[in-house]
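Peer 1: Spelled out, the chains give:
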Amino acid sequence: MNRITTLGLFGRFATALIGVVVIQGILSFKFKVFGYFDLPLICCVYYGFTLSNPIASIVIGSSLGLMQDSLSGGILGANGLSKTLIAFLAASAGQKFAVDQLITRVFALFLFSLGDDILVTILALVVGPTSNPTYSGAMGSWLLSATFNTLFGLVLFGYHDRWRDATT
Amino acid sequence: MSRIVVASKKPVWIALTVALVIHIALISLQGHRRIDTGFIRVWVLDSLAPLEKLADRLLFGARQAWDRYIVLVGVHEENLRLKRENDELRMQVIQEQEAIAEAERIRALAGFKPSGIGKPLIARVIARDPARSQTITIDKGRVHGLRPDIAVITPAGVVGRVIQSSNFFSIVQLIIDSQSAVGVMLQSTRRQGILKGTGGPDLDLDYIDDDNDLKEGDMFLTSGGDRIYPKGMPVGVITSVGARRGLLKVVRVRPSADLGRLEEVMCVIERQEKVDVVDPTQVQAVP
Numbered sequence: 000m001n002r003i004t005t006l007g008l009f010g011r012f013a014t015a016l017i018g019v020v021v022i023q024g025i026l027s028f029k030f031k032v033f034g035y036f037d038l039p040l041i042c043c044v045y046y047g048f049t050l051s052n053p054i055a056s057i058v059i060g061s062s063l064g065l066m067q068d069s070l071s072g073g074i075l076g077a078n079g080l081s082k083t084l085i086a087f088l089a090a091s092a093g094q095k096f097a098v099d100q101l102i103t104r105v106f107a108l109f110l111f112s113l114g115d116d117i118l119v120t121i122l123a124l125v126v127g128p129t130s131n132p133t134y135s136g137a138m139g140s141w142l143l144s145a146t147f148n149t150l151f152g153l154v155l156f157g158y159h160d161r162w163r164d165a166t167t
Numbered sequence: 000m001s002r003i004v005v006a007s008k009k010p011v012w013i014a015l016t017v018a019l020v021i022h023i024a025l026i027s028l029q030g031h032r033r034i035d036t037g038f039i040r041v042w043v044l045d046s047l048a049p050l051e052k053l054a055d056r057l058l059f060g061a062r063q064a065w066d067r068y069i070v071l072v073g074v075h076e077e078n079l080r081l082k083r084e085n086d087e088l089r090m091q092v093i094q095e096q097e098a099i100a101e102a103e104r105i106r107a108l109a110g111f112k113p114s115g116i117g118k119p120l121i122a123r124v125i126a127r128d129p130a131r132s133q134t135i136t137i138d139k140g141r142v143h144g145l146r147p148d149i150a151v152i153t154p155a156g157v158v159g160r161v162i163q164s165s166n167f168f169s170i171v172q173l174i175i176d177s178q179s180a181v182g183v184m185l186q187s188t189r190r191q192g193i194l195k196g197t198g199g200p201d202l203d204l205d206y207i208d209d210d211n212d213l214k215e216g217d218m219f220l221t222s223g224g225d226r227i228y229p230k231g232m233p234v235g236v237i238t239s240v241g242a243r244r245g246l247l248k249v250v251r252v253r254p255s256a257d258l259g260r261l262e263e264v265m266c267v268i269e270r271q272e273k274v275d276v277v278d279p280t281q282v283q284a285v286p
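Sequences listed follow chains B and A, in order.
So in numbering that gives the first Met the number 0 the end of the first sequence lands on 167, straight run, no missing numbers.
So in numbering that gives the first Met the number 0 the end of the second sequence lands on 286, straight run, no missing numbers.
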């Protein structure tokens, strides 16, 4: 019985993670503005904060990053490495700090989003061709993306809080 | 107490180290090209792309239902306008057919080989990349004849090239991707050059024989020199010519194809070279 419960939980998580990557691909294609969102990143921070379980968060971050890399045609492992670190840091922060505070969430989401973009770009520079790897508007794009991710993450966390309050 | 805390932290660091080592190894292997990691992409693409296709079909169906049955206001006026446009276009087609027939006659006289882009295969775009590099996923793969380095175009212009194919799906790198380069020639002067993607919405001119006569509005066509894209396809239009940086002026080019709104694309699975070289055995004396 216990094994079935564990399998069910694992299946739910796997479905959610695959769903996030697929939805990101579809929405980016259908609506240009979703190109600025990074749903897998928000998902990493969300699970990191709410589960406060670093090992589970590492697995989630790695899986999401690898799926993103595989579907994007970019460097395999770049998003995986970045999302793994972010999920781990989010889970560690969830254990040590009061991540229920709005200001903490804003800072965390914004910095994680910016850090993810910078790390992935650095890895692309290290592995890919050295000439012209980014365009001049990259910083603006990163800031815009960080803002969108922060806002969307806050909405998601808000729903999580309401659901938690309703069930407790 | 502190010993218990330290002991409980150990598996976390082990898990983190293992995960990081795996990712760094993957990145390193690609950098040195020691092992082909393409099988991981193919496996994930074959697993996830059907879900993307399903979601795309559902959204497409919902939009069709909305467009065909719900939003019918103004259809009559639109119908009349389209009929007028159709009449005008028919006239244009007749004129174009005359021009083509004339060009064919001249070509035959000069002994030119026929031009064309090759065998096209229509594919539907089902998703954009989830990691903000400039790639799209299309619903055709190896079984349809696609393989890496096949050109992907639209009637408006060049879209990109296939970089990864699974059995039924492929990933296409757009020409605006920072890792992309296209061999081009200026339509007006036929000067050859290279356009590189910037990762943003535009392309940068990376090389050209002579940049003195470049001006805004000039059109770049594919040169065919890269052996990927068929010759003569529109690539983009110069939007700005800046000051000289190093050997070249800073030239920005806007892609001719609307890469943000791709629905269907054409994959050139069998290239037909456009060779404008006169075959002496075919040349006949023109009276």
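Read the hints as simulated data drawn from the structure, not as lab findings.
Hints may be right or wrong, so weigh each one.
Which chain A residues stay away from chain B? Per the calculated CB distances, all over 10 Å, these [stated by the list, open to error]:
no., residue
1, Asp55
2, Arg106
3, Asp128
4, Thr153
5, Pro154
6, Gln186
7, Lys230
8, Met265
Reference listing, derived: stretches of chain A covered by chain B, where coverage requires no fewer than 3 residues with Cβ under 8 Å from a Cβ of chain B [stated by the list, open to error]:
no., stretch
9, 18-29
10, 39-49
11, 162-173
Cross-link-like lysine-lysine pairs, in silico, DSS-like; alpha carbons within 25 Å at most [claimed, not checked]:
no., chain 1, residue 1, chain 2, residue 2
12, A, Lys230, A, Lys214
13, B, Lys95, A, Lys9
14, A, Lys118, A, Lys82
15, A, Lys230, A, Lys118
16, A, Lys52, B, Lys29
17, A, Lys52, B, Lys31
The beta carbon of each residue, even a glycine, is placed where N, CA and C say it ideally should be.
Peer 1: Are the hints correct? Go through all of them and say.
Peer 2: Against the structure, the hints:
1. Asp55: Per Cβ check, Asp55 (chain A) is inside 10 Å of chain B; nearest 6 Å; violated.
2. Arg106: holds (39 Å)
3. Asp128: Non-interface label on Asp128 (chain A) violated, nearest chain B Cβ at 4 Å vs cutoff 10 Å.
4. Thr153: Given a closest Cβ separation of 15 Å, the condition holds.
5. Pro154: holds (20 Å)
6. Gln186: holds (24 Å)
7. Lys230: holds (25 Å)
8. Met265: holds (18 Å)
9. 18-29: Coverage by chain B holds for the stretch 18-29 of chain A (9 residues, Cβ < 8 Å).
10. 39-49: Holds, because 7 residues of the stretch 39-49 of chain A bring their Cβ atoms closer than 8 Å to Cβ atoms of chain B.
11. 162-173: holds (count 4)
12. A:Lys230 <-> A:Lys214: Status holds; Cα separation ~22 Å.
13. B:Lys95 <-> A:Lys9: holds (17 Å)
14. A:Lys118 <-> A:Lys82: violated (32 Å)
15. A:Lys230 <-> A:Lys118: holds (14 Å)
16. A:Lys52 <-> B:Lys29: holds (13 Å)
17. A:Lys52 <-> B:Lys31: It holds: about 18 Å lies between the C-alpha atoms, which stays within 25 Å.
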